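With the sequences and hints as input, model every part of the structure.
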Amino acid sequence: MVPAPSIFVGLAREKEQRRLAAQAALSQFSIADHYDVMVQLDRDVHDDEKLSTTEVDTALRLMSGVPRSVFLPCFGTGRHIQALLTAGVQRIVGVDLSPKCVEKARALCGGDHRVELHVGDLCTWTTTEQFDASILLGNSFGDIINSEIFPKVTQGMVRPLKPGGLFVFDYIGRGYLDRCRRASTTVWQAILDGRPVEDRRTPRYDPETWVMTIDVEAVAREHGADNVLWRGFYQKLILNDYWLDCHFTRAGISLRKAGVATKVNEAYYQGHVGELGMIARSTWWVAHKPPERQPRPWRLPRWLQWLRGPQGG
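Under the numbering used here, the first residue of the sequence shown is numbered 1361, with each subsequent residue one higher.
Don't take each hint at face value.
Okay, derived cross-link-like pairs now, DSS-like style, lysine-lysine, Cα gap no bigger than 25 Å in a straight line [unchecked claim]: (1) Lys1460 / Lys1512; (2) Lys1522 / Lys1617; (3) Lys1375 / Lys1460.
No lab work stands behind these hints: they were computed from the structure. Small disclaimer: the values here were computed from a predicted structure and weren't measured.
See the structure below:
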């Protein structure tokens, strides 16, 4: 006997409800504390001018032009700001949770009157200003793992967009799960508090909650032994393409897949030597906020027009 299709639908719905309940119960890791440390450990990325410039060039190409104003949610150290200004953007406003990231970004901007940067939470930060475009690059999308907070943060990213505006972002999605299965540790050379360290990162994945956790250790090699100077972790909510599209559809936003980073930004990755972790494996997306609907001019129904007869002399 073959089970009725409704049984499968019911089981799928029940499984989805269990997953959402598990995600809602998750404790959100401290994003601000994490990125306060990443200001130092990720300096090789933050200071890579070619990477930042080619990423901006790619984003503008996907937008088919240079927007006059840009909103930067989760902008980190602001590594894309100078390239955006050079390209012709006239107004930039950014919001980030990390005070140390914002401090570094403000220093890099040197008080430029075209740039306004805030320490703030996208769940609560508001503005009356509207922007032609929004850009989020550097693989920060998905940092919110709680299923109740995640939609609020996404709304905070797209709410400041003008009707018809575009939101370009990159997202790791399922692009790192092979490393989770192998528990593959990647090691970078970095500096922490002025001391050379090995930045060791090992990803793992929980299929029940769709959450990837990356365990991080900053290790100094001293006298032939490991001295762990800092230990922490960060997390990503992992959605496949279908669920990501559903997530934006619920927010009233359409989504288009641009491609994986190494393909859309060939100007940087062709001939590149070195490991960039999730940034190189992320997929780029273009979200579109629908234009405002123009009210249709009211007209008499045809039968009333006929009753009125011909108009004029």
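Hints, verified against the model:
no., hint, result
1, Lys1460 / Lys1512, "24 Å, holds"
2, Lys1522 / Lys1617, "21 Å, holds"
3, Lys1375 / Lys1460, "40 Å, violated"
The structure is inconsistent with hint 3 alone, although it conforms to all the rest.
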